[in-house]
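What follows is each chain in one-letter form.
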Amino acid sequence: MTDQVISDYRAGDNRVDGHPAHNHQADNYQADNYRAAIAAALAGGWRVRALYAAADGKAVRVVLSEPGGRTMVQTARADGTGSVPSIVDLAPAVAWDEREAHDLYGLSFAGHHPMRSLADHSVPLAEWTVPVHGHDPYQVAVGPIHAGVIESGHFRFHVVGDRILHLDTRLFYKHRGLERAAEGGTIGRALGAISRACAACAVANTVAFATAAEQALGLRIAPGTARARALLLELERLWNHLNDIAAVCAGVGMAAGGAYFLALTERARRLNATVTGHRFLFGSVQAGGNALTLDAGDIRGCADEIAGLRSAAEVGWRELTFNSSFTGRLHGVGIVDAAAVARLGVVGPAARAAGVAQDARTASPYPGYQDFSPVLASTAAGDVAARFEQRMLELRQTFGILQVLLGDGPVAPASVLTDQSAGPGQPVGVGLVESPRGATTCVVECSGDLVGRVRLRTGSYANWPAVAHAAAGSLLPDFPLINKSFELCYACADR
Amino acid sequence: MFTLLKDLRRLRRELALPRSDHGHDPGNDLSRGPGHTPSRSLAIRHVDAGSCNGCEHELTLTAGPHYDLQRFGLGVVASPRHADVLLVTGTVTTRMREPLLTAYAAMPEPRMVAALGNCAAGRDVIGMPGDLAGAVGDILPVDLVIPGCPPAPDLIARALLDLIDHDRRPGAPGITRRRSPT
Numbered sequence: 001m002t003d004q005v006i007s008d009y010r011a012g013d014n015r016v017d018g019h020p021a022h023n024h025q026a027d028n029y030q031a032d033n034y035r036a037a038i039a040a041a042l043a044g045g046w047r048v049r050a051l052y053a054a055a056d057g058k059a060v061r062v063v064l065s066e067p068g069g070r071t072m073v074q075t076a077r078a079d080g081t082g083s084v085p086s087i088v089d090l091a092p093a094v095a096w097d098e099r100e101a102h103d104l105y106g107l108s109f110a111g112h113h114p115m116r117s118l119a120d121h122s123v124p125l126a127e128w129t130v131p132v133h134g135h136d137p138y139q140v141a142v143g144p145i146h147a148g149v150i151e152s153g154h155f156r157f158h159v160v161g162d163r164i165l166h167l168d169t170r171l172f173y174k175h176r177g178l179e180r181a182a183e184g185g186t187i188g189r190a191l192g193a194i195s196r197a198c199a200a201c202a203v204a205n206t207v208a209f210a211t212a213a214e215q216a217l218g219l220r221i222a223p224g225t226a227r228a229r230a231l232l233l234e235l236e237r238l239w240n241h242l243n244d245i246a247a248v249c250a251g252v253g254m255a256a257g258g259a260y261f262l263a264l265t266e267r268a269r270r271l272n273a274t275v276t277g278h279r280f281l282f283g284s285v286q287a288g289g290n291a292l293t294l295d296a297g298d299i300r301g302c303a304d305e306i307a308g309l310r311s312a313a314e315v316g317w318r319e320l321t322f323n324s325s326f327t328g329r330l331h332g333v334g335i336v337d338a339a340a341v342a343r344l345g346v347v348g349p350a351a352r353a354a355g356v357a358q359d360a361r362t363a364s365p366y367p368g369y370q371d372f373s374p375v376l377a378s379t380a381a382g383d384v385a386a387r388f389e390q391r392m393l394e395l396r397q398t399f400g401i402l403q404v405l406l407g408d409g410p411v412a413p414a415s416v417l418t419d420q421s422a423g424p425g426q427p428v429g430v431g432l433v434e435s436p437r438g439a440t441t442c443v444v445e446c447s448g449d450l451v452g453r454v455r456l457r458t459g460s461y462a463n464w465p466a467v468a469h470a471a472a473g474s475l476l477p478d479f480p481l482i483n484k485s486f487e488l489c490y491a492c493a494d495r
Numbered sequence: 001m002f003t004l005l006k007d008l009r010r011l012r013r014e015l016a017l018p019r020s021d022h023g024h025d026p027g028n029d030l031s032r033g034p035g036h037t038p039s040r041s042l043a044i045r046h047v048d049a050g051s052c053n054g055c056e057h058e059l060t061l062t063a064g065p066h067y068d069l070q071r072f073g074l075g076v077v078a079s080p081r082h083a084d085v086l087l088v089t090g091t092v093t094t095r096m097r098e099p100l101l102t103a104y105a106a107m108p109e110p111r112m113v114a115a116l117g118n119c120a121a122g123r124d125v126i127g128m129p130g131d132l133a134g135a136v137g138d139i140l141p142v143d144l145v146i147p148g149c150p151p152a153p154d155l156i157a158r159a160l161l162d163l164i165d166h167d168r169r170p171g172a173p174g175i176t177r178r179r180s181p182t
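Residue numbers (the numbering used here), protein chains in the order written: chain A, 1 to 495; chain B, 1 to 182.
The shape of chain A in the complex, shown without the other chains (with noise of 0.2 Å):
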């Protein structure tokens, strides 16, 4: 068949204050092959960040990205019946993408056997499962009602004894088409949309929206914007990255850590509230613009609790990190190495504690960004002892750019700033933001003030794979251990 590629989108130009304002930037990418065109990107260094059917489900689009910031859209027209060439096998990431495709929009994937449902849920099970043959393996089900506070979804184990096979996952429980509610609408609401995708995540993916948005709309943010953004997005990963402390301490069983780092946890969402008047940052991000204001009292209160959260949480850690009984159990436990990271397209904390220096962070035109290296576990073996280091380095980063970012003065609300070199916009607009569990993707079509359509992929999206694959060779009664080290949101992949 033929494979068509229309790569439409062009180098962009917005900017903060001189900055690349997103770093995103797309190279003209003519190729008359589809797969040939991603063959050839991934060969050069480039990486697939999403993989989405565009909103008549008769086209697919990829969004690449190189080290850089800089990305590019390809596009792919389904041929009269619907059928799209698949590219899971140059890029195993996108099989989710594919099968998200497959079953909300109808496009089909030549190539992609067997095509598992991912958010059908009317199939039967042995049509979203792998078979599993052998002396004596059984399945165990879990979910989707977990036996804790958890989000819903559904676990499917295949055993032998106490020794995990495979791990089929199944999510969407809690789809509630949020994508397509965004659609059709004014930008305000989509925003809107997006950000009840995910609490945990909240600033996040408002951040990367907004910054498809005002990619796609050809606006410019004012400096304050920028840097309000990364004050956010630090104040977010602050809380996560103490919770999933708290929930690795939960999975072991230590009950004084837990409860230790979910008081850490509880400051940190009090904080939250005195800075933004929301526990969990919401309506603290606008398209184009910003409405958190600080003003010097303001400042140095956020300041100093953040000195007494990082002081609080290096007593915690120790603790921790001397207690051997604690400690021995995260070693060698659901490993994801630095080969499994590139092949599954792992993000975030999960990527680093493999030894992978990826972070989208080091591509963010933002300030506190500036000098901006990504922390690596120590040991880098991508087990739960690497991941559970790596939030505590990386909570020591987020601990100095705050300080950096509050020390910069007061924040004031800015609004839109229209900028007429940044041109009439683009037909797609990328946002690429660190969040706590990764790299978050945003894709934003307008047509008009309008939003033709929206995808958001994130960092959980991305991971969830990972899970099945750290848990396939681990003993069942490890898995919430394992579970509780990546800390993945449900939400955010359901939508």
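Don't read these hints as lab results, they were simulated from the structure.
To give an idea of the interface, some chain B residues facing chain A are shown, with a C-beta separation under 7 Å as derived from the structure:
{"id": "1", "residue": "L4"}
{"id": "2", "residue": "L11"}
{"id": "3", "residue": "V47"}
{"id": "4", "residue": "G50"}
{"id": "5", "residue": "C52"}
{"id": "6", "residue": "N53"}
{"id": "7", "residue": "G54"}
{"id": "8", "residue": "L59"}
{"id": "9", "residue": "T60"}
{"id": "10", "residue": "L61"}
{"id": "11", "residue": "G64"}
{"id": "12", "residue": "V76"}
{"id": "13", "residue": "T93"}
{"id": "14", "residue": "M128"}
Just so you have them, the derived chain A footprint on chain B, three or more residues with Cβ under 8 Å:
{"id": "15", "region": "130–143"}
{"id": "16", "region": "149–156"}
These numbers were taken from a predicted model, which means no experiment stands behind them. Backbone N, C-alpha and C define an ideal beta-carbon position, used for all residues, glycine too.
Dock chain B against the given chain A, drawing on the hints supplied.
Only chain B this time, still in chain A's reference frame:
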């Protein structure tokens, strides 16, 4: 380890919710006044029917040192068969409707349903009608609504502690369906 435990003890003394039977803080809504001894408990089964994860994160913190609701006899249990209350978050998605009904059917009677958060209560719902089955009240009889987006842990604590003293014996006056001001 000793350092952690010492700090947690300090936290409880200084910050945690007062135990109602101590009557430390008569002005606090959570206090039932001096001499009150909680003699009952409430077993809660949480079901996420399609939330944004905000209610879950806040509910998790009610077990943290600042609130520690287990001290008041409130505990999250692993099975609906052990539960007095089904605590439901989120607008119910089409895919969670059946699991939610199954969990409710598994509960012993008398049973109660609490809708946690605005989405569960059917307020400010965002999503596609084809993917949503409705508010919790459209699917199950709701006894208690805890509003908020998401409700902060102290609000959750307050509402659940209110619920604990309700007489749930057969024949006792039922809990009136409460709606908070919109």
